[in-house]
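Visitor: Going down the list, the sequences are from chains A and B. Going by the working numbering, the first residue of the first sequence is number 4, and it counts up by one from there. Going by the working numbering, the first residue of the second sequence is number 5, and it counts up by one from there.
The hints are simulated quantities; they were obtained by calculation from the structure and are not laboratory data. Given the structure is predicted, the values throughout are model-derived calculations rather than measurements. A few of these clues could be false.
[Said to hold, decoys possible] Derived lysine-lysine pairs resembling DSS-like cross-links, with alpha carbons at most 27 Å apart:
{"#": "1", "chain 1": "B", "residue 1": "K326", "chain 2": "A", "residue 2": "K9"}
{"#": "2", "chain 1": "A", "residue 1": "K89", "chain 2": "A", "residue 2": "K9"}
{"#": "3", "chain 1": "B", "residue 1": "K146", "chain 2": "B", "residue 2": "K113"}
{"#": "4", "chain 1": "A", "residue 1": "K22", "chain 2": "B", "residue 2": "K399"}
{"#": "5", "chain 1": "B", "residue 1": "K144", "chain 2": "A", "residue 2": "K49"}
{"#": "6", "chain 1": "A", "residue 1": "K9", "chain 2": "A", "residue 2": "K126"}
{"#": "7", "chain 1": "A", "residue 1": "K49", "chain 2": "B", "residue 2": "K290"}
{"#": "8", "chain 1": "B", "residue 1": "K92", "chain 2": "B", "residue 2": "K113"}
{"#": "9", "chain 1": "B", "residue 1": "K219", "chain 2": "B", "residue 2": "K8"}
{"#": "10", "chain 1": "B", "residue 1": "K290", "chain 2": "B", "residue 2": "K326"}
{"#": "11", "chain 1": "B", "residue 1": "K33", "chain 2": "B", "residue 2": "K103"}
{"#": "12", "chain 1": "A", "residue 1": "K92", "chain 2": "A", "residue 2": "K49"}
{"#": "13", "chain 1": "B", "residue 1": "K109", "chain 2": "B", "residue 2": "K144"}
{"#": "14", "chain 1": "B", "residue 1": "K146", "chain 2": "A", "residue 2": "K81"}
{"#": "15", "chain 1": "A", "residue 1": "K89", "chain 2": "A", "residue 2": "K127"}
{"#": "16", "chain 1": "A", "residue 1": "K126", "chain 2": "A", "residue 2": "K89"}
{"#": "17", "chain 1": "A", "residue 1": "K9", "chain 2": "A", "residue 2": "K127"}
{"#": "18", "chain 1": "A", "residue 1": "K9", "chain 2": "A", "residue 2": "K92"}
{"#": "19", "chain 1": "B", "residue 1": "K387", "chain 2": "A", "residue 2": "K22"}
{"#": "20", "chain 1": "B", "residue 1": "K113", "chain 2": "B", "residue 2": "K136"}
{"#": "21", "chain 1": "B", "residue 1": "K229", "chain 2": "B", "residue 2": "K182"}
{"#": "22", "chain 1": "A", "residue 1": "K126", "chain 2": "A", "residue 2": "K81"}
{"#": "23", "chain 1": "A", "residue 1": "K9", "chain 2": "B", "residue 2": "K387"}
{"#": "24", "chain 1": "B", "residue 1": "K399", "chain 2": "A", "residue 2": "K127"}
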Amino acid sequence: MAYGEKVLDHYENPRNVGKFDQSESNIGTGMVGAPACGDVMRLQIKVNDDGVIEDAVFKTYGCGSAIASSSLLTEWVKGKTLDEAKAIKNTELAEELALPPVKIHCSVLAEDAINAAVEDYRKKNA
Amino acid sequence: MNDKTNRPIYLDYSATTPIDERVVAEMIKYMGPEATFGNPASRSHSYGWTAEAATEDARQHVADLVGADPREIVFTSGATESDNLAIKGSAHFNQKRGKHIITCKTEHKAVLDSCRQLEREGYEVTYLDPEKNGLVDLEKLKAAMRDDTTLVSIMHVNNEIGVIQDIEAIGNACRERKIIFHVDAAQSAGKVPIDLANLPVDLMSFSAHKIYGPKGMGALYVQRKPRIRLEAQMHGGGHERGMRSGTLATHQIVGMGEAFRIAKQEMAMENERLINLRNQLWDGLKDMEEVYINGDFEQRVAGNLNISFNYVEGESLLMALKDLAISSGSACTSASLEPSYVLRALGRNDELAHSSIRFSMGRYTTSTDIETTIAHVRSAVEKLRDLSPLWDMFKDGIDIDSIEWAAH
Numbered sequence: 004m005a006y007g008e009k010v011l012d013h014y015e016n017p018r019n020v021g022k023f024d025q026s027e028s029n030i031g032t033g034m035v036g037a038p039a040c041g042d043v044m045r046l047q048i049k050v051n052d053d054g055v056i057e058d059a060v061f062k063t064y065g066c067g068s069a070i071a072s073s074s075l076l077t078e079w080v081k082g083k084t085l086d087e088a089k090a091i092k093n094t095e096l097a098e099e100l101a102l103p104p105v106k107i108h109c110s111v112l113a114e115d116a117i118n119a120a121v122e123d124y125r126k127k128n129a
Numbered sequence: 005m006n007d008k009t010n011r012p013i014y015l016d017y018s019a020t021t022p023i024d025e026r027v028v029a030e031m032i033k034y035m036g037p038e039a040t041f042g043n044p045a046s047r048s049h050s051y052g053w054t055a056e057a058a059t060e061d062a063r064q065h066v067a068d069l070v071g072a073d074p075r076e077i078v079f080t081s082g083a084t085e086s087d088n089l090a091i092k093g094s095a096h097f098n099q100k101r102g103k104h105i106i107t108c109k110t111e112h113k114a115v116l117d118s119c120r121q122l123e124r125e126g127y128e129v130t131y132l133d134p135e136k137n138g139l140v141d142l143e144k145l146k147a148a149m150r151d152d153t154t155l156v157s158i159m160h161v162n163n164e165i166g167v168i169q170d171i172e173a174i175g176n177a178c179r180e181r182k183i184i185f186h187v188d189a190a191q192s193a194g195k196v197p198i199d200l201a202n203l204p205v206d207l208m209s210f211s212a213h214k215i216y217g218p219k220g221m222g223a224l225y226v227q228r229k230p231r232i233r234l235e236a237q238m239h240g241g242g243h244e245r246g247m248r249s250g251t252l253a254t255h256q257i258v259g260m261g262e263a264f265r266i267a268k269q270e271m272a273m274e275n276e277r278l279i280n281l282r283n284q285l286w287d288g289l290k291d292m293e294e295v296y297i298n299g300d301f302e303q304r305v306a307g308n309l310n311i312s313f314n315y316v317e318g319e320s321l322l323m324a325l326k327d328l329a330i331s332s333g334s335a336c337t338s339a340s341l342e343p344s345y346v347l348r349a350l351g352r353n354d355e356l357a358h359s360s361i362r363f364s365m366g367r368y369t370t371s372t373d374i375e376t377t378i379a380h381v382r383s384a385v386e387k388l389r390d391l392s393p394l395w396d397m398f399k400d401g402i403d404i405d406s407i408e409w410a411a412h
């Protein structure tokens, strides 16, 4: 299938690939998806004392659109508060990347990942 | 990329092949107003006679490659039509004897969907599970045979994993129970020796475009002694001894004949070359971590290598390998995200099924192509594993199967 320019850009040059130490208290980790379905995303956020996401990293097993969705998301959440990050909608990611209908689930997965990461951080720091 | 053509390196010969130049040269003789363009069924003038002579020559070439009598060859539009005619045609003709059919889960969709249609018509179909290496277990097949079984359909060479079934043994088991045996040979004709004069096979499907002939052209072998009878699926002028009506496509048929003639001449030499290329490819990849061959390595057609690169998703791998024309068993384009049903039927877990790539080499593949391919594949897999959380977990010693994944 043909991919859009932005998907290709994020796929060729993924932003913020990496891993934080999951046990640190200022780290929130969201791992969503399933190998059986062909995509697994791990999104991690580093939150400062003001409750602002100062850094984010990801790793994704999945198709190019899944990789691009998570790469773009790490760019977007940086500098946002937890509530602002949670407010990001999959439709915004899908629109920015011009995902075709069969790839919308990739953006849904990315939205799930940031929500899971925020929840993980809040649970740790409750 | 191929330096000469500036196109991706073509390693998808199991999907289709280009028409050989020698085949093109023959086909062109039957196109254009100055050409031999007559209707082979026209009895009243030389246009018809010469066209008929050409189709009969071609029929002889097709028969020669597989050890059949030319009168046993019925021309069709391709292996899909041949499969439909063989399965539905024989099931319908023999329905008074019984309505049970046996096939295998890794068959081509043309076989599986013909069987599904028969199920809708009230037939019963047993879909056998293959063994882990992709081969059908003869004892399990025998155990599935019943008194009302009229047809067994098992492919010769699998299109995805390239494994070669023992059609002689399966055919003998069918003969013992007087069950008709159909073989889809779309992927084996011209690649594996076939001698129908001595094989216990009643019906066999062929395709032209898998062996350097034109698309839209195929044939069905229908055994004469003892005579296998079919109910026609296409009705009309009674061509092809009533089994397949429709004006014969002279240029297409001539193309198939020439392709089969060349295959007979060159098969042995070509297979030796393809096995060397396949070994070169596997030798260049096998020292990587977590790579697995899908399907039996020994019982395998020369040009096929199907490999799973664990912890890398197939579609993203194809995207990284855009300079190669290959195919993946993973299809992340449908809502269901179903990986290859063939690999699933082998009992491969989902990750491995999603991580599979089929390399199929052919007449125009060179050793340089394979060298380039190895370099591309190694760097793409490395790049994607650096991106893969599953690879991280594997490296950290975490068992991925122990995690409760939320399926979505």
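Visitor: For each hint, tell me whether it holds in the structure or not.
Guide: Now for the hints, and whether the structure bears them out:
{"no.": "1", "hint": "K326(B) with K9(A)", "result": "holds (17 Å)"}
{"no.": "2", "hint": "K89(A) with K9(A)", "result": "holds (23 Å)"}
{"no.": "3", "hint": "K146(B) with K113(B)", "result": "holds (23 Å)"}
{"no.": "4", "hint": "K22(A) with K399(B)", "result": "holds (13 Å)"}
{"no.": "5", "hint": "K144(B) with K49(A)", "result": "violated (57 Å)"}
{"no.": "6", "hint": "K9(A) with K126(A)", "result": "violated (34 Å)"}
{"no.": "7", "hint": "K49(A) with K290(B)", "result": "violated (39 Å)"}
{"no.": "8", "hint": "K92(B) with K113(B)", "result": "holds (14 Å)"}
{"no.": "9", "hint": "K219(B) with K8(B)", "result": "holds (25 Å)"}
{"no.": "10", "hint": "K290(B) with K326(B)", "result": "holds (22 Å)"}
{"no.": "11", "hint": "K33(B) with K103(B)", "result": "violated (46 Å)"}
{"no.": "12", "hint": "K92(A) with K49(A)", "result": "holds (20 Å)"}
{"no.": "13", "hint": "K109(B) with K144(B)", "result": "holds (13 Å)"}
{"no.": "14", "hint": "K146(B) with K81(A)", "result": "violated (63 Å)"}
{"no.": "15", "hint": "K89(A) with K127(A)", "result": "holds (17 Å)"}
{"no.": "16", "hint": "K126(A) with K89(A)", "result": "holds (15 Å)"}
{"no.": "17", "hint": "K9(A) with K127(A)", "result": "violated (35 Å)"}
{"no.": "18", "hint": "K9(A) with K92(A)", "result": "holds (18 Å)"}
{"no.": "19", "hint": "K387(B) with K22(A)", "result": "holds (15 Å)"}
{"no.": "20", "hint": "K113(B) with K136(B)", "result": "holds (20 Å)"}
{"no.": "21", "hint": "K229(B) with K182(B)", "result": "holds (14 Å)"}
{"no.": "22", "hint": "K126(A) with K81(A)", "result": "holds (20 Å)"}
{"no.": "23", "hint": "K9(A) with K387(B)", "result": "holds (19 Å)"}
{"no.": "24", "hint": "K399(B) with K127(A)", "result": "holds (26 Å)"}
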